[in-house]
Each structure stands twice: as structure tokens, then as C-alpha cells.
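So you can see what is in the structure, the chains are spelled out below.
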Amino acid sequence: MDTQLGTRSHPGLRHEAIVADADETFVGHVAPFLRAGLEEGATLTVLNRRHWALLREELGADAEQVAYTDCEDFYTRPIDALASYDATLRRLTAAGATSVRVAAEIPLGPTRSSWEEWMSYEAIVNHALASRPAHILCVYDTQITPDSVIDAVWRTHPHVVTDGAAGPHYHDSDDAITAFTRSPSRELPLRPLPLTQDVIALREALSAELAGAEAPKQKVVNMLIAASQVFDNALRHGGGVTALRAGLVDGWFVCEIEDHGPGLDDPLAGYVPPAPGQPGRQGLWIARQLATRLELIPGRPGLTVRLWL
Amino acid sequence: MDGFGFHFRYCISGSPPATRGFAQGREQGLVPGDMVSLVAGVPALAATGDVSFLGAVSERVADPEPRVDVVVTHDAVYGVADRHARSVGASLDLAGGSGLQTVSEPVNNDFEVVADSTADQETLLRIAFGRHYDSIVRAEAGQAIQPPTALTPARERQLVLASVAGEPRAREQLVEAFLPAIAGVARLYRNVPMVDRTELLQEGVVGLLRAARRFDPSLGTPFWAYAGWSVRQAMQQLVSELTRPAVLSDRAQRALAQVRETRRGYLQDHGREPTTSELAALVALSREQVESLLAVERAPQPLQISASDSNGQQSAGDMLADPTAEQEYERIISRLEIERIRDLTRTLTAREREILNQHYGLEGPAKTLREIGEELGISAERVRQIEERSLEKLRDAVLGTES
Chain C
1 MDTQLGTRSH PGLRHEAIVA DADETFVGHV APFLRAGLEE GATLTVLNRR
51 HWALLREELG ADAEQVAYTD CEDFYTRPID ALASYDATLR RLTAAGATSV
101 RVAAEIPLGP TRSSWEEWMS YEAIVNHALA SRPAHILCVY DTQITPDSVI
151 DAVWRTHPHV VTDGAAGPHY HDSDDAITAF TRSPSRELPL RPLPLTQDVI
201 ALREALSAEL AGAEAPKQKV VNMLIAASQV FDNALRHGGG VTALRAGLVD
251 GWFVCEIEDH GPGLDDPLAG YVPPAPGQPG RQGLWIARQL ATRLELIPGR
301 PGLTVRLWL
Chain X
310 MDGFGFHFRY CISGSPPATR GFAQGREQGL VPGDMVSLVA GVPALAATGD
360 VSFLGAVSER VADPEPRVDV VVTHDAVYGV ADRHARSVGA SLDLAGGSGL
410 QTVSEPVNND FEVVADSTAD QETLLRIAFG RHYDSIVRAE AGQAIQPPTA
460 LTPARERQLV LASVAGEPRA REQLVEAFLP AIAGVARLYR NVPMVDRTEL
510 LQEGVVGLLR AARRFDPSLG TPFWAYAGWS VRQAMQQLVS ELTRPAVLSD
560 RAQRALAQVR ETRRGYLQDH GREPTTSELA ALVALSREQV ESLLAVERAP
610 QPLQISASDS NGQQSAGDML ADPTAEQEYE RIISRLEIER IRDLTRTLTA
660 REREILNQHY GLEGPAKTLR EIGEELGISA ERVRQIEERS LEKLRDAVLG
710 TES
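Residue numbers (our numbering), protein chains in the order written: chain C, 1 to 309; chain X, 310 to 712.
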């Protein structure tokens, strides 16, 4: 991993965390971090309102120059957060910023699975945004963060600052990335759709199923596009489609597309924002954006992509 | 929390109409005790500009056996933990008119009461002040509170007046300035199933503009102090329409099972669905009870989030009463990069949309490429090409690379 090499002459991601056990620790680190950012380039804060209020007091007049987004609006789903970072960094870079500092705070949900999901996200960020000129400082408040998450913070951030002491405790591992992305093996009671290698026939069959499920129009469009992308991948890289299934599971519309392929050994598949104008790597990224959830299930015997709407 | 100078027995928070309703209720003997006023009495609250109204009832209770344990309103109910909010919100039937709702014991065994008069002060305050609680505590401690926007009072008044006068640019700026505050209100509902965030924001914008029209700047009230309530009310209405009580007691579950069973039997015997009245007669429950039970059954359907009425005729878009609000919504929301709005089809031309709609039955029955081509006077192949191109556009929109 090269993420620790984010120097100014070689722009790249610098991904740090601060584990703060008191408001003073938080303010004491984040305020100077942002002030330094104001001298270098653009600064963003993606925090909860309480932390932002503390920070504004500390920053005084400088706060005017710091952009603020409520973290609840930004961190809705991991894939959306990645897309937001991608778009924001692209926009700021296009506007001439050579470095962007971000103080960020993930609003962890109430469930263990959501913690795991966000910790996988933290691991994915190291790779997905590796080449971006960004310095992201993730804020974790020990008072509201579960211990298991704090443990994961050390594994997923190349630098962690705590009580003034900083040091590398980073273990880049596929485990961290796949913690959530690993697919459940549960078989779902889906109906087989007529097998076809024609994307239009797939869309027609799928839209009939979606109409039966009374899916809202906008969601139908999203599913049709997501499924078309996956279908296209199966034709191009998976040696053709071998099975199509769809149906309602627990009230969610689910579609499965199975191919001959061995599957993807890259746990980051579809999580890395494709460079603009670079065709061929966009399919899964698009599908992940549009589906509520996308699962990759290898070895059935081919690869099955399961889309949840 | 003794800084308020009085002791709470009952708490009420909410809108000015709610307060009026509360006062009326008191005249009618519904609410025993004296109402102590409020915002004026707590300068820190008045300073927030983010609290539409806060009220409290003193501890001096005349009635030896008070009927009312806790008085809550929309705002207050949705300020507490979501689990409670949902169950209590349901039990109170929050869609009601005055905004004032009362809970008397026993409300309804199917739901729980968030707190009663035996709850400690902090609990009652948290219920009454909801999400404002922390900021109020901070205010009491002498710490600054964020205003909802960066607008000066003068600029705010100017924008409100100009937007009511029909100046689109002013309306746009007004909505934009208050959008974060509206999003803050929308967050109260983030865990409510079946309610789409964008629809909530949309309703919030409608509420804001409605408030602007009714706002009287000469009274010197901060705009948000007035509009905040209107925004919440608009969202609450949507939430009430889209959600149904989901917390059921054992008794209610048994009743629901009975209703289901009876309906199935009726369908077999008569070959058609029974009406609600017929069902109610068969299971010996009131029509309302059957309706609410059936509503519960509909609830956990993640797909059915669109706001259609019982005939499935009305879309969320149709519910907008105010076309200027709709226009504003489109313009403002489209600028919010982070919102990740998924209405991709807006990037299409009318013909492209038409072809997608017809081919995939998005509005009416699906048609083949050939049928669509015949209607439009072009070949099926040409229709296919147009469809491919429009899907490509939609893909590009997802990538954020559209022109």
C-alpha cells in the first residue's frame, strides 16, 4: 500500500483517524488541521452538528471559509459516500484545488452490521480514493463509538492520532474489506426468468416482474439499468448468461444474474470510482449505485450477481 | 434542569396552533392545571430561533385525579427515540387538526405511552423538547446556539417578502438558505420506514413557502420560528399518510391473524375481496380497527414507498398543491450534489422518456418495440436505438459525467 506516501509532491490520499475521548482533544486536533488546509487549498467538514458548533467557536472568523455538510446527509450508504467523495474531489480539483482537507465523521447506525459495513467502507477508501489529492481526517468520539469499531479504526487507517500520540497501526488486509462485502450463501426463493442472451429481452421480462411487484417507476428504471450493466458484464466477461431469476424476498425485489465465469477475485469490484471517459470498468460501479444492495456469489458454479432493489 | 423556574408536571411543545388548542382544552377542563408561558420565560429558547414553541404546565394541578398524564404534539413525539415515536405517534393519531393530542390512560393497549407523570424531570424535558434538548441545555449553560441560517434578520425579511411577491430568485434563495434546516427536520423521520427522504424534503419546501405566504414580518418573530412548525407539519402529514402503526401487541396480532383468515375464507367463498365493512362485521371489530390492522399488514413492503392512494392513482408528485414549490424543489435539489437524487429520467427528452415508459410499462401496459415504432412512425430498430441511447444517458448521469 502506498497511501502513507501522500506528500505534496506526489498527491495521493492521506487517510487518518483521530480517536477523541474529549471535546478538547477533538477541537485541539481538528481546528489546526483545517487551518492548515485553508493555507494549502480547499477544506471540507462532514460532521455532526454538535462537533461543527464546537469547531466553529474555535475557528472563529476562519469558519466562514470551511465548507460544512451534515454527516447524516453525506454518509447515507458506503457506495453513496464514495460517489460523493469522487464527485466532490473531482469538482474541487477541476476548480484548481491541489489538495483538499476533509474532517469527517461517520454517523454509525444502531446495528452491528451497519458498523461492519462502515468499517469495510473505511478499508475500501484506502484503495478507492488512493490516487486523490485528499487528506481525510476521520473523527471517532470514544464516548459514542463502540469498542469493536474503535478496534477496526486502527486497522483501517494508516495513521491514528490519539491523545496527541500518532503512530502507524495499519493492517491493510482483504479481511477488512470483505467483512461486509462477502456474500451470504443463503439461497433465495426466486422464480426463474426465461433464459436469454439479449439484453432487451431481459429488460422486458424484468419490467414485467417489477410491474407485478408494484415497484415505483423510478425504481424500475434503476433496476433495469443496474441489471443491464450486470447482464452486459456476464456476456462480455462471464462467458454468457446461464440463469436469470427474480422475485420478492421479505418485500424487497431481488434479481439474480448467473454466468459461466469464475467470478471476481477483487473485493473492491465496483467500489472504485471509474475515471471519466474510461469505459469497461463502470458496470459494477453503476449497478452498485442504483441497487440498494449488490452481492457477488461465486461458485454456483459460475458467478451469480444478486441485485436488491 | 432547574433553570426554567418552574416544575413540570405536564409538558407540551409544538406549534402556535397547538398552544391555542391547549389553551382551549384547558378552558374546557380537558387539561387541569395552569399553563405557564413559555418562550418568553426562557430567553435561551427564544434565542434559538429553531424552536417553534415550547410550553409547559406547572405542577399545580387542581384535579385530584388528572385524566391527562402527558401532553405531546407532533414535534415532541417525533423528537424522542424512534421506537417510541412510532408507537406513540400511532396511538395519538397525529394527523389530527389542532396539533394538540392528549394521552389519557389507558390509551390503547396496542401501544405504549412514552412517559407519564411519574417520569423524572429530565425525561419529561427530553420528550417535550425532543431534539432541541441538547441545544437547550447548552443554551442554559451559556453556550452559543447556531442560528438555522446565515441570513441576517433584515435579509431574511427581505427574502420572504420578495418571494411572496413572486420573485423567483428570492424564492430560490430563501429555500436554499433554509434547506439545511429543512433537512434537519427531515432527519427526525430518518428511521420511519416507507418514507422517502426526497419526498420529505419536497414536502418541507412546500411547508416553508406556505409559511412565507402567511408570515407577518411586522411581529418581529424570526422566520424559522414560524416556518419550522409549518415545515414539520407538512412532513408529518406525509409521514402520517405513508406510515401506519407497526408495533402490535399479542392481542392485536391475534386480531390481525383472524382478519387475514376471514378475508381468505371470504375470498374463497365469494370469489371476491370483502369490503372493510363486511370484514368488520365478520370479525366483530370496528371498521376503524380493521382498517388499521390491514394497514399494518401493508406496512413492511419496502417497495411500496410511493405515495399512492388506495386506487393507486396518485403519485407523490400529484400531491404537491403548490406548483411554485415544485419548481423550487426541482431547482434547489438538483444543485445538491450529496443528495444523490435518483430521478435519472429527468435527463431524458420527452420522446426518450416516452419510449422507456411504453416499452417497459412504466405508465400503462408494456408495448413491443414494433408497436411503439408504429405509433411514432419509425422503425422498431430506430426505437431500439433511441432506447439504447437514452439508457446510455442515464448511465452517464449515474457516473456524473453528463454534460
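Among these hints, one or two may not hold up.
[Claimed, not checked] Listed next, the stretches of chain C that the computed footprint assigns to chain X, with coverage defined by at least 3 CB atoms under 8 Å from CB atoms of chain X:
#1 65 to 78
#2 220 to 229
#3 260 to 266
In case anyone wonders, no lab produced these hints; they're calculated from the structure.
As the structure is a prediction and not an experimental result, all values here were calculated from the model.
Using N, Cα and C, we set each Cβ at its ideal position, and we do this for glycine too.
Evaluated hints:
1. Restraint check on the segment 65 to 78 of chain C versus chain X: 6 residues with Cβ-Cβ distances below 8 Å, three needed, restraint holds.
2. Given a C-beta distance limit of less than 8 Å, the hint that chain X covers the segment 220 to 229 of chain C holds, as 7 residues qualify and 3 suffice.
3. For the segment 260 to 266 of chain C, the stated coverage by chain X is violated: 0 residues have a C-beta nearer than 8 Å to a C-beta of that chain, whereas at least 3 were required.
In the structure shown, a violation is registered for the earlier hint numbered 3 alone.
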